[in-house]
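Residue-level listing of the chains:
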Amino acid sequence: MDLKDVLAAKGRRIVTVSAKSSVADAIRSMHAEKVGAVMVPDAEGCPVGIFTERDVVRLYADGDRDFDTLAVEARMTCSVVVGLLSMSVDEALGLMTERRFRHLPVVEDGKLLGLVSIGDLVKVKLNETAQEAQALRTYIAS
Amino acid sequence: MNRPISHIMTKTVWTVALEDTAEKVEELLNRRLLSAVPVVDEKGGVFGIISAADILHLHAAKRNPKAVRAWELCTYKPIAVRPDTSVGEVAGLMVKNRIHHVPVTENGKLCGIVSALDFVEQFVLKGRA
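Residue numbers (our numbering), protein chains in the order written: chain A, 361 to 502; chain B, 634 to 762.
Think of the hints as simulated: they come from the structure by calculation, not from any bench.
Distance windows between CB atoms, simulated:
id : chain 1 : residue 1 : chain 2 : residue 2 : range
1  : B       : E656      : A       : E404      : 46 to 52 angstroms
2  : B       : T643      : A       : T429      : 28 to 34 angstroms
3  : B       : R696      : A       : K370      : 25 to 31 angstroms
4  : A       : A493      : B       : E675      : 29 to 35 angstroms
5  : B       : T643      : A       : E393      : 16 to 22 angstroms
6  : B       : L651      : A       : A403      : 51 to 57 angstroms
7  : A       : T429      : B       : R664      : 40 to 46 angstroms
8  : B       : A700      : A       : A369      : 28 to 34 angstroms
9  : B       : G678      : A       : G470      : 50 to 56 angstroms
10 : A       : A369      : B       : G678      : 35 to 41 angstroms
11 : A       : E393      : B       : A693      : 30 to 36 angstroms
12 : B       : A693      : A       : R373      : 28 to 34 angstroms
13 : B       : T643      : A       : D422      : 19 to 25 angstroms
14 : B       : Y709      : A       : D450      : 23 to 29 angstroms
Note that this is a predicted model, so its numbers are computed, not measured.
C-beta: ideal position from N, C-alpha, C; glycine also.
Hey, can you work out the whole structure from these sequences and the hints?
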């Protein structure tokens, strides 16, 4: 299974904010849309940053005071690691585990197509395992 | 920022027991849409914590989820804080140790859990800590 299949199952909805938005607005968007990360695209739709719940924790850790005037671009992660539609779930999980991040934007020709979380991928793998176990039980019983 | 973590932590915590099977843990994580669950001992103390990734590793290693127990699967003695630890300090621990969940204990017993999501909710629902 690859990321194209994962996006087909979960949908390609991406929550975006502009780089100039305040972190307060970005956090409100995350909460309203029930997502753990928002993307920051440029005018052409290419991802230039990602702002996640981990960045929110970092704001609290750093003691930042004014979330309403602080721009997302000042606190987002700019060097965004991306996946391609053809990347396998195993490859993506390996990348996320090794680099220790939980959200992977999926792009094609530089354009943002979707976002998968480590939770989405773990779910896919656990479903696959359950199906394999069922197939094995059926085989043994037949 | 200086508010105690007890103001933002989740107080109703789903837990598993030491001898619960990995299968039961997985079922709980799926049913309650949790990404981690503390393992508590018979006195209510935190023995460990199990994340969805731990379940994934179990399956990847082809171990039997009916035979593996929670105590074998968990991260033993996770970083935990007291309810009066400040929100800023807990955030600092999470960033420094790259962890996503922190159990909160009082007198050796689990009384809450904090995840990154709680910081988002704190800001939106309750204003700044």
